[in-house]
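Undergrad: We have chain A already, so just place chain B on it with the hints.
From first to last, the protein sequence lines are chains A and B.
If you read the first sequence in the numbering used here, its first letter stands for residue 35, the second for the next number, and so on.
If you read the second sequence in the numbering used here, its first letter stands for residue 35, the second for the next number, and so on.
There could be a bad hint or two in this list.
One copy or two, either will do: identical chains are not told apart, so a pair holds if it fits within one copy or between any two.
Calculated lysine to aspartate or glutamate pairs in the DMTMM-like style (CA-CA distance at most 25 Å, straight line) [said to hold, decoys possible]: (1) Lys44 <-> Asp84; (2) Lys93 <-> Asp65; (3) Lys53 <-> Glu79; (4) Lys44 <-> Glu111; (5) Lys93 <-> Glu79; (6) Lys53 <-> Glu111; (7) Lys44 <-> Asp77; (8) Lys36 <-> Asp49; (9) Lys93 <-> Asp49; (10) Lys98 <-> Asp65; (11) Lys98 <-> Glu111; (12) Lys36 <-> Glu106; (13) Lys74 <-> Glu106; (14) Lys93 <-> Asp77.
Read the hints as simulated data drawn from the structure, not as lab findings.
Since the model is a prediction, treat every value here as computed from it, not as a measurement.
Number of protein chains: 2
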Amino acid sequence: MKARITVTLKNGVLDPQGKAIEHALSGLGFDGVGQVRQGKVFDIELTATDKAKAEADLKAMCDKLLANTVIENYAVEIA
Amino acid sequence: MKARITVTLKNGVLDPQGKAIEHALSGLGFDGVGQVRQGKVFDIELTATDKAKAEADLKAMCDKLLANTVIENYAVEIA
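So that you can see chain A by itself, here it is in the shape it has in the complex:
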């Protein structure tokens, strides 16, 4: 089973990396670019076949390791 976890900064949390990308894009001549925010994505292969258990496991992985839930949100998708 394959899963994708997307971790993004919560609204209101400053994202200097995103701001830098924003400036770089306008420097390259791309007009009309508003806010840019950068996040992370994890593609995880699981041997489990039980989708509900896999989802619970993935959420636990996010809470314990993959995301800082004080400043980040995460989304779990199972393919």
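TA: Positioned in the frame of chain A, the structure of chain B alone reads:
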């Protein structure tokens, strides 16, 4: 218009960060975790209203700045 760009490593490209996460997850007691690969996600706000032009612009942004197309793939989604 909001868009999400996902940049992932191509198959066959070594991902030491993913490997480290794999080991950390098994160290935390998560069994049944196979390969882990990490990528990046960019959430971009665009003022453009023409979807086709926006998509072409986003692809150009990936080619020029956001992805290293030698070792990375990118996917563009427009919401």
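Undergrad: None of the hints should be skipped; say for each whether it holds.
TA: Verification of the supplied hints:
Taking the shortest Cα distances, Lys44 and Asp84 never come within 25 Å of each other, neither inside one copy (30 Å) nor across copies (28 Å). Taking identical chains as interchangeable, the C-alpha atoms of Lys93 and Asp65 lie at most 25 Å apart only when they sit on different chains, with a minimum of 14 Å there against 38 Å within one chain. Only between protomers do Lys53 and Glu79 lie at most 25 Å apart by alpha-carbon distance; the minimum there is 12 Å, versus 32 Å within a single protomer. Taking identical chains as interchangeable, the C-alpha atoms of Lys44 and Glu111 lie at most 25 Å apart whether they share a chain (19 Å) or sit on different chains (20 Å).
Proximity of Lys93 and Glu79 under a CA criterion of 25 Å is satisfied intra-copy only: 14 Å inside one chain copy versus 28 Å between copies. Taking identical chains as interchangeable, the C-alpha atoms of Lys53 and Glu111 lie at most 25 Å apart only when they sit on different chains, with a minimum of 21 Å there against 27 Å within one chain. For the identical chains of this complex, Lys44 and Asp77 are neighbours both inside a copy (21 Å) and across copies (12 Å), given an alpha-carbon limit of 25 Å. Taking identical chains as interchangeable, the C-alpha atoms of Lys36 and Asp49 lie at most 25 Å apart only when they sit on different chains, with a minimum of 17 Å there against 29 Å within one chain.
In this assembly of identical chains, the alpha carbons of Lys93 and Asp49 lie at most 25 Å apart whether taken from the same copy (24 Å) or from different copies (23 Å). For the identical chains of this complex, Lys98 and Asp65 are inter-copy neighbours only, at 15 Å across copies versus 40 Å inside a copy, given an alpha-carbon limit of 25 Å. Taking identical chains as interchangeable, the C-alpha atoms of Lys98 and Glu111 lie at most 25 Å apart only when both belong to the same chain, with a minimum of 18 Å there against 29 Å between chains. For the identical chains of this complex, Lys36 and Glu106 are neighbours both inside a copy (22 Å) and across copies (19 Å), given an alpha-carbon limit of 25 Å.
With identical chains, the CA atoms of Lys74 and Glu106 are at most 25 Å apart both within one copy (10 Å) and between copies (14 Å). Within a single copy, Lys93 and Asp77 get their C-alpha atoms as close as 14 Å, and across copies as close as 22 Å, so both meet the 25 Å cut-off.
In summary, the structure is inconsistent with hint 1 from the numbered list given earlier, while agreeing with all the others.
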